[in-house]
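Peer 1: Per the UniProt record's numbering, the sequence shown starts with residue 1, numbered consecutively.
One or more hints might be untrue.
Stated by the list, open to error - Calculated pairs, DSS-like style, for lysine-lysine (alpha carbon to alpha carbon, straight line, at most 27 Å): (1) K150 <-> K299; (2) K299 <-> K396; (3) K396 <-> K377; (4) K114 <-> K137.
Claimed, not checked - With beta-carbon atoms standing in for the labels, derived distance ranges: (5) D253 <-> D330: 35 to 43 Å; (6) E93 <-> D175: 24 to 32 Å; (7) D253 <-> D376: 24 to 32 Å.
Note that these hints are calculated values from the structure, not bench results. We put the beta carbon where it would ideally sit given N, CA and C, even for glycine.
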Amino acid sequence: MLDRQVAPPVQPLASVTLPAADVFSLPNGARLHVLRNDAQPVVRLQIVFKAGKWYEPAPGISLLTARMLLEGTATRTARQIADEVAFFGASLECEQGFDRATLTLYCLTRHLPKLLPLVQDVVTASVFPLPELEQLKMRTIQNVRIERQKTSYLASERFSHNLYGAHYPYGNVFDEQVFTLISQASVQDYYRTSYSLSQAEIFLCGDIPQEHETLITELFGHSAPAASASSVASQSPYAPMSGPLQDYVSVADSIQSSLRIGRLWPTLDHADTHQLQLLVKVLGGYFGSRLMKNIREDKGFTYGIYASVSPREHASSFVIGTDVNANSADAAIHEIQHELRVLQNELIPAEELQTVKNYMTGKFANELSTVFEQCDKYKSIIFFGLPTDYYTTFIKQVNHTSAEQLLTLAQQYLSPEEMVEVVAGPKL
1 MLDRQVAPPV QPLASVTLPA ADVFSLPNGA RLHVLRNDAQ PVVRLQIVFK
51 AGKWYEPAPG ISLLTARMLL EGTATRTARQ IADEVAFFGA SLECEQGFDR
101 ATLTLYCLTR HLPKLLPLVQ DVVTASVFPL PELEQLKMRT IQNVRIERQK
151 TSYLASERFS HNLYGAHYPY GNVFDEQVFT LISQASVQDY YRTSYSLSQA
201 EIFLCGDIPQ EHETLITELF GHSAPAASAS SVASQSPYAP MSGPLQDYVS
251 VADSIQSSLR IGRLWPTLDH ADTHQLQLLV KVLGGYFGSR LMKNIREDKG
301 FTYGIYASVS PREHASSFVI GTDVNANSAD AAIHEIQHEL RVLQNELIPA
351 EELQTVKNYM TGKFANELST VFEQCDKYKS IIFFGLPTDY YTTFIKQVNH
401 TSAEQLLTLA QQYLSPEEMV EVVAGPKL
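Assemble the whole structure, with the sequences as input and the hints as a guide.
Peer 2: Shown next as structure tokens:
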């Protein structure tokens, strides 16, 4: 008889292999990456440009350009674009990040040929109408004003500013006056230089007939090169910090404080990257982590606390974040520092370490359940310049990392004295 009080045995994940992508160089210099899976009759097309914060000539331009991309072209209004996408039950949006901007289309496979001319029109003929641009600027400013009433937003903003420096692309903060002065002409110029198909990486995944690849090549593979290449930011990836190691953002009348504690972190191509991911998971990367057990379960200071790594193409960061009652802020910081020092001085027990390993490998396997998720992993390999066996190595190194190795890494990277610390809350 099955005893439901006994958990089933856990089988460790030994290895993983991502599906191979077919890569084609298009006539104009763009690259097309194709990952096929016919399990469902759906497809995702992503056109990725070097048009994130890292490449913008002035703060705010990359954000405005991405958000205005669907506001009208030479032949379609914003309403016509939205209606055409909705008619086919599709989704089309453009997102701007720290390094890249991505135009993403989801649709049924049979509708892709009808939607590709619309995507081409958006990429090559957007006009950025002035009334919509001014409205977007006003809405963005209003949204930031609202966000800056929240301690969590203020703490994260100041943390990035102090960690990277005010003039580093990852560290500059939203400036309302500068944003207001961005002109239509500057957005159009950025669009012409940064959204060139000749410089794009195109990812097509899902149920893909051969004729769809041919159509994409015809529509996106023959555009002219950009007028001038995007200017790459020249700052060193590890620019000196411009702000203090400890900082306080005063928020009058707030009953909570938000904490952000962290430091610059090795990038994904670092030799210790997989072991460091395991170390961060032990500290605060899942619900049963040490920070959660101490600060949520034992002390009751917060509903949640996390430790995570934010990998970016030019620099990465490690951050511990939580929101606590303002009166508990100092005690929470003390307990965070205590957990950091414990990892620096004591070996992680074998049972705890194995639990975290099982969690990480199981979660990773779950993240490969669809072709879209597999493509996301593949994109990381492309944009971070990682070896093709990166994820196979991830599984092996996580499973074979010892407590002694993690102790050494904790001593190297988790010293509280080297952390940038920001608290946003009321002055007590």
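Peer 1: Now, for every hint given, state plainly whether the structure supports it.
Peer 2: Verification of the supplied hints:
no.	hint	in the structure
1	K150 <-> K299	24 Å, holds
2	K299 <-> K396	36 Å, violated
3	K396 <-> K377	17 Å, holds
4	K114 <-> K137	32 Å, violated
5	D253 <-> D330: 35 to 43 Å	19 Å, violated
6	E93 <-> D175: 24 to 32 Å	26 Å, holds
7	D253 <-> D376: 24 to 32 Å	42 Å, violated
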